[in-house]
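Taken in order, these protein sequences are the chains called Z and V.
Oh and the first sequence: position 91 is 161 in my numbering, straight run, nothing missing.
Oh and the second sequence: position 110 is 345 in my numbering, straight run, nothing missing.
Just to be clear, a hint being listed does not mean it is correct.
To be verified - Stretch-level coverage of chain V by chain Z, calculated; a stretch enters the list once three of its residues show a Cβ under 8 angstroms from a Cβ in chain Z: (1) 242-255; (2) 286-297.
Claimed, not checked - Listed below are the simulated BS3-like cross-link pairs for lysine-lysine, each with C-alpha atoms no more than 27 angstroms apart in a straight line: (3) 127(Z) - 333(V); (4) 302(V) - 271(V); (5) 343(V) - 127(Z); (6) 291(V) - 305(V).
Just so you know, these hints were derived from the structure itself, not from any lab.
Even for Gly, the Cβ is constructed at its ideal location relative to N, Cα and C.
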Amino acid sequence: DSGVTQTPKHLITATGQRVTLRCSPRSGDLSVYWYQQSLDQGLQFLIQYYNGEERAKGNILERFSAQQFPDLHSELNLSSLELGDSALYFCASSVGGSVTDTQYFGPGTRLTVL
Amino acid sequence: GEDVEQSLFLSVREGDSSVINCTYTDSSSTYLYWYKQEPGAGLQLLTYIFSNMDMKQDQRLTVLLNKKDKHLSLRIADTQTGDSAIYFCAESMGGTYKYIFGTGTRLKVLA
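So here's chain V without its partners, still in its complex pose (with noise of 0.2 angstroms):
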């Protein structure tokens, strides 16, 4: 079944790492995202991962990827409050370009 899942709400301090994790039921995915809503925006690309990898980095982000348990994660170091957003996980299905997404986790950073 197409089904991307995620924890609905987080809540972290300011300056303390957030980690948003996600388990995805495709297994032929062949690339994974991250996105980022702010309040009353559109969605914002943070980073991708190509299925035969298992980690990527990318500044404050890094991208871990457990495909045996099919299970992503993002983790954001030295977290912000202008992180504080709804974080979407995604995938594309068998390579193609049908994307799915994850429920979406709201990230509330204090300050």
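Chain Z with its partners taken away, still in its complex shape (with noise of 0.2 angstroms):
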């Protein structure tokens, strides 16, 4: 067990549909990453926060966004949801937002869009 948790474990939605993804970082980390991984495109970062700011953007699609709240939890919004879209989401957290501190990651949403 990683201490970083996600919600929900499994979801299921149709197309044009509108998601969001829950994860709680690790007690005391600071830095929230999201990771999308599919069969196509394999394991992609999205985006980090530090701190509740935005520190870096990977491929993160328009359609998407995240927030990372007061009290650490971080937020993944999915909208106008595409059949390409399912995937397994994981959240990560490390202590500091360094490139050299230790990712955490959660157990993953499985998104599955019909």
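Build the complex from these two chains, which are given one at a time in their own frames, with help from the hints.
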């Protein structure tokens, strides 16, 4: 158990819908990262937040957005969902925001878009 | 371009050494990483190497970096069945927080 929690574990929805994925980092961690893992695209870094501020952006679509709240939990919002958005979405957290800080990964949320 | 490549599969016998290879394209990468993903789980950072190093050893793990060829390898000594997993190499782009992951190598350890 990494100490990072993600909800829900599974999510099934239809095309065109909007969903919110939630992540609670390890106690004391200030950084949160979001990743998408799919068969087509492999593992892709989406976005990083550090202490409430966006720090880095990867291959995140405009239909997707994220935020980190004052209590440091984070949400990833996916809208106008397409079949290709079906994937495993991981959240990770680290103590600081350094590239050498160990990232601890949550168990993931499996999103299925029908 | 941003591309990190790995071979898809590797099968070894228990007790042998495993070598997982990775090639990357960004010469400005500052850090290179190896992650392990077990079935149904998230990623676990195994080790990382700074780009000005050639080698890093950590218990059974040895990382070799050939900057000229942009080649990274992970050697696991005395491979155990518990090492069966998917291994990803990754780079941080130009020292930024933007990470690029390889395609992953599925390691199967035969008893």
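Hint check:
Using a Cβ-Cβ cut-off of 8 angstroms, 0 residues of the region 242-255 of chain V lie near chain Z, which falls short of the minimum of three, so the contact claim is violated. Only when three residues or more bring their CB closer than 8 angstroms to a CB of chain Z does the claim for the region 286-297 of chain V stand; here the count is 0, and the claim is violated. The suggested pairing of residue 127(Z) with residue 333(V) holds, with an alpha-carbon distance near 7 angstroms, which does not exceed 27 angstroms. For a cut-off of 27 angstroms, the pair hint linking residue 302(V) to residue 271(V) stands: about 23 angstroms separates their Cα positions.
Distance hint between residue 343(V) and residue 127(Z) is unfulfilled; the C-alpha atoms sit about 34 angstroms from each other, more than 27 angstroms. Pair hint residue 291(V) plus residue 305(V) holds up; C-alpha atoms about 16 angstroms apart against a cutoff of 27 angstroms.
The earlier numbered hints that this structure contradicts are 1, 2 and 5.
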